[in-house]
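Engineer: Following the hints, put chain B in place on chain A, whose structure we already have.
Chain by chain, the residues run as shown.
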Amino acid sequence: QQQVKQSPQSLIVQKGGISIINCAYENTAFDYFPWYQQFPGKGPALLIAIRPDVSEKKEGRFTISFNKSAKQFSLHIMDSQPGDSATYFCAASDGTSGSRLTFGEGTQLTVNP
Amino acid sequence: EAGVTQSPTHLIKTRGQQATLRCSPISGHTSVYWYQQALGLGLQFLLWYDEGEERNRGNFPPRFSGRQFPNYSSELNVNALELEDSALYLCASTTGHVGNTIYFGEGSWLTVV
Chain A
9 QQQVKQSPQS LIVQKGGISI INCAYENTAF DYFPWYQQFP GKGPALLIAI RPDVSEKKEG
69 RFTISFNKSA KQFSLHIMDS QPGDSATYFC AASDGTSGSR LTFGEGTQLT VNP
Chain B
1031 EAGVTQSPTH LIKTRGQQAT LRCSPISGHT SVYWYQQALG LGLQFLLWYD EGEERNRGNF
1091 PPRFSGRQFP NYSSELNVNA LELEDSALYL CASTTGHVGN TIYFGEGSWL TVV
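So the sequences go chain by chain: A and B. Position 7 of the first sequence, counting from 1, maps to 15 under the numbering used here, and the rest follow consecutively. Position 100 of the second sequence, counting from 1, maps to 1130 under the numbering used here, and the rest follow consecutively.
Chain A extracted, bound-state conformation (with noise of 0.2 Å):
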């Protein structure tokens, strides 16, 4: 069965501080890799995607990590900041559904001022 597997499900950081949120994912045919940023009332919004081909991605604060070998990824916000505060979603996708999505379950991140 294709899952991915995030966590953890609630995360409390200071401002400032780094976020680190982590998934896991079981079909080796995954090859698109992306993060979700959801904000309430709201859809969620491409944050940062990576493909296996790189181990690391960076765009602002916001970092990929990506283990082939241990079929996991995760996101690394650096100094947080209380509008960082949302719900992420990690998501896998393998090409054979279009680019169909497979989330995981969500994280509720909260920066502290």
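If you're looking for bench data, these hints aren't it; they were derived computationally from the structure. If a hint is listed, it holds; no wrong ones were tucked in.
Cβ-Cβ distance ranges computed for the label pairs, FRET-style:
#1 MET86(A) - GLU1112(B): 42 to 52 Å
#2 LEU54(A) - THR1060(B): 13 to 23 Å
#3 ASP61(A) - ARG1045(B): 46 to 56 Å
#4 ALA1032(B) - VAL62(A): 28 to 38 Å
#5 ASN75(A) - ARG1052(B): 34 to 44 Å
Please read these numbers as outputs of a predicted model, since none were measured by experiment. Glycine included, each C-beta is placed from N, C-alpha and C at the ideal position.
Structural biologist: Relative to the frame of chain A, chain B by itself:
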């Protein structure tokens, strides 16, 4: 450029009734995906339409159905509504190219009472 638009924003229905939700994709996008986001359950894939055809469906009963129109807009129909159908229904669109980013709308909240 307009994003993915969904209507209605909120919908309240009685158990046993039918609900119809609508989605207009981003201009130029031919693929539309529907996801269900129930409280605490993450995003569950419902349906994928591309070029007017249903390409794939998730693990949902047949009373969840939909269609895509020639202008690539789509509607999701839920028949014989049950209380557990109460959720945020998200539509997403992308071009027909595999692995392209999918963009979500703000969603339609369906409440079944």
